[in-house]
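Enquirer: Those sequence lines, one after another, are chains A and B.
The opening residue of the first sequence carries number 1 in my numbering; numbering runs sequentially from there.
The opening residue of the second sequence carries number 1001 in my numbering; numbering runs sequentially from there.
Simulated from the structure, these hints should not be mistaken for lab results.
By construction, the Cβ of each residue, glycine as well, lies at the ideal position given by its N, Cα and C atoms.
Take the hints with a grain of salt, since some may be wrong.
[Unchecked claim] What the simulated footprint calls covered on chain A by chain B, stretch by stretch (three residues with Cβ under 8 Å from a Cβ of chain B suffice, anywhere in the stretch; the number is not a length):
id: 1; stretch: 45-56
id: 2; stretch: 79-85
[To be verified] Some but not every residue of chain A turned toward chain B, in silico, with C-beta under 10 Å:
id: 3; residue: Tyr35
id: 4; residue: Gln37
id: 5; residue: Gln41
id: 6; residue: Gly42
id: 7; residue: Glu105
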Amino acid sequence: GAGVSQSPSNKVTEKGKDVELRCDPISGHTALYWYRQSLGQGLEFLIYFQGNSAPDKSGLPSDRFSAERTGGSVSTLTIQRTQQEDSAVYLCASRGEPGGSNTGELFFGEGSRLTVL
Amino acid sequence: AQSVTQLGSHVSVSEGALVLLRCNYSSSVPPYLFWYVQYPNQGLQLLLKYTSAATLVKGINGFEAEFKKSETSFHLTKPSAHMSDAAEYFCAVSHGNTDKLIFGTGTRLQVFP
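Build the full structure now, drawing on both the sequences and the hints.
Expert: This is the structure in structure tokens:
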């Protein structure tokens, strides 16, 4: 597709369950980011994939959170044993190859809204 | 490490009035700076960006921002607010075009008739 696609758009789950959120970046984009947006908290960086390099996981809030990117394209963010404080909108973004016309702009999907009951 | 501070979580203006949304950054190297806008129930959209070229940057929808190194600021302005400008605005900083963006906590703009 032309833009960043995320699924599901909405997910309601029970505390303690695992959830998977999916992101399809813009075709050809080598960098992929996950952010979390909570009410009044702005955008919190979670994890960053750049090509074949080791991901920057410095923003993951706990070991219940993990992400992978298969084949350099689609990414899945997994939250294990969900807690109520995990409720937020999870945003995915992608960016093109470094250099050339790339000036660091991120292109965002519309997010996956997670509600943990 | 780089960071941004957005002063004022809520700003209210009358239609036709000047819009001023404040952003101050902290960075040990020349930064790349961005303003994004998020309309209700939508994703983030780039308004404008500074990448070490002209210090006055013009973006979409009549917005502009000026990079002031001496003040470590990148405030967003628009001369005349429209009702359609009501949204949340985020300032962000990175160290270059291969680095992660660090966002501020956002400023919600309300426009009254």
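Enquirer: So, for every hint listed, does it hold in this structure?
Expert: Outcome of the hint check:
{"no.": "1", "hint": "45-56", "verdict": "holds (count 4)"}
{"no.": "2", "hint": "79-85", "verdict": "violated (count 0)"}
{"no.": "3", "hint": "Tyr35", "verdict": "holds (7 Å)"}
{"no.": "4", "hint": "Gln37", "verdict": "holds (9 Å)"}
{"no.": "5", "hint": "Gln41", "verdict": "holds (7 Å)"}
{"no.": "6", "hint": "Gly42", "verdict": "holds (4 Å)"}
{"no.": "7", "hint": "Glu105", "verdict": "holds (5 Å)"}
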